[in-house]
Amino acid sequence: MKNRVSTKPLDKIAGLGYILDLKYLPMCDSSQSEEDAWETLVNAMFRYSQQDLLFFYPEPGNGSKCWRPTWNQIMTNTLPLCKRSLWDCSPAVGTDGHRRTVWIKDEDGSADSYHGYQIDSGYVWGLSHLSYNDMPRQGRLAIKDDTGSIHKFKIVADHTYPIPEGTYTLLGSTDHRNCVGTRHEDDNRSLHFWVVGWQRKDGKFEKLSVFSMLDEDERKRIWNLQIGEYSETYLC
Numbered sequence: 001m002k003n004r005v006s007t008k009p010l011d012k013i014a015g016l017g018y019i020l021d022l023k024y025l026p027m028c029d030s031s032q033s034e035e036d037a038w039e040t041l042v043n044a045m046f047r048y049s050q051q052d053l054l055f056f057y058p059e060p061g062n063g064s065k066c067w068r069p070t071w072n073q074i075m076t077n078t079l080p081l082c083k084r085s086l087w088d089c090s091p092a093v094g095t096d097g098h099r100r101t102v103w104i105k106d107e108d109g110s111a112d113s114y115h116g117y118q119i120d121s122g123y124v125w126g127l128s129h130l131s132y133n134d135m136p137r138q139g140r141l142a143i144k145d146d147t148g149s150i151h152k153f154k155i156v157a158d159h160t161y162p163i164p165e166g167t168y169t170l171l172g173s174t175d176h177r178n179c180v181g182t183r184h185e186d187d188n189r190s191l192h193f194w195v196v197g198w199q200r201k202d203g204k205f206e207k208l209s210v211f212s213m214l215d216e217d218e219r220k221r222i223w224n225l226q227i228g229e230y231s232e233t234y235l236c
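In UniProt numbering, the protein residues as written are 1 to 236.
Hints are supplied without guarantee of correctness; some may be wrong.
[As the list claims (entries may be wrong)] Taking lysine to aspartate or glutamate and the EDC-like style, the derived pairs with C-alpha atoms no more than 20 angstroms apart in a straight line are:
| no. | residue 1 | residue 2 |
| --- | --- | --- |
| 1 | 220 | 120 |
| 2 | 12 | 36 |
| 3 | 144 | 218 |
| 4 | 154 | 218 |
Derived by calculation from the structure, the hints in this document are not laboratory data.
Values in this document were obtained by computation on a predicted structure and should not be read as measured data.
Model the full assembly from the supplied sequences, consistent with the hints where possible.
So, in structure tokens, the structure goes:
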């Protein structure tokens with residue numbers, strides 16, 4: 001869509017409405033700005049498409065929402081390589097009362113929230129340099145468990161956006177295969193994609209960037225430690 005020629009500024013956004021999987025097709029309002037039209041389109045997306053923007057786009061949004069890119073970022077920046085979408089699913093409640101799904105919602109038009117796997121504090125290093133050369137950057141994640149023991153995990157960033165060494169709040173992905181009512185061995189297939197950021201003083205999560213945990217054994221290990229929890233987090 002970036003390379004297509006359009007006669008009107010909103011034509012490209014309107015065109016995406018016929019390509020993306022939407023809950024409904026928004027009305028085209030020629031008086032809207034491109035950013036307002038893009039926001040309207042994002043609000044019409046199914047939850048898994050919104051999750052894709054949160055977990056796959058490597059930079060914070062530089063507009064009214066930092067959890068997803070602006071239209072200007074979509075059109076001017078290099079977009080991430082195609083990844084398997086984080087498919088939507090029906091919420092299921094486990095025996096511990098936690099929902100086994102992730103979603104982004106904007107019920108009153110002002111507050112987006114995420115319900116899914118979160119680790120309050122993790123130390124990230126090795127992803128602050130800008131070199132890429134067609135190879136993912138290799139980094140490490142260190143997490144302290146309830147006993148005070150430190151656990152380290154291999155992580156990668158397949159983009160060039162820098163993640164400075166430091167302590168962050170982490171959001172882990174869930175996919176459609178993990179929508180089950182109880183903890184299950186296949187749950188370790190989630191937590192492949194991660195959003196790194198901070199919990200602000202107002203309680204909202206501010207996205208910085210994203211990384212991946214490619215090794216399935218590493219994902220099993222972090223899951224079995226039960227360091228994180230499923231909780232609702234408001235996104236800025």
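Now the hints, each set against the structure:
Distance hint between residue 220 and residue 120 is fulfilled; the C-alpha atoms sit about 19 angstroms from each other, no more than 20 angstroms. For the hint pairing residue 12 with residue 36, the CA-to-CA distance comes to about 13 angstroms; that is within 20 angstroms, so the pair holds. Of the supplied pair hints, the one linking residue 144 and residue 218 holds, its CA atoms being roughly 15 angstroms apart against a limit of 20 angstroms. Simply put, residue 154 and residue 218 have alpha-carbon atoms about 7 angstroms apart, close enough for the 20 angstroms limit, and the pair holds.
Taken one by one, the earlier hints all hold for this structure without exception.
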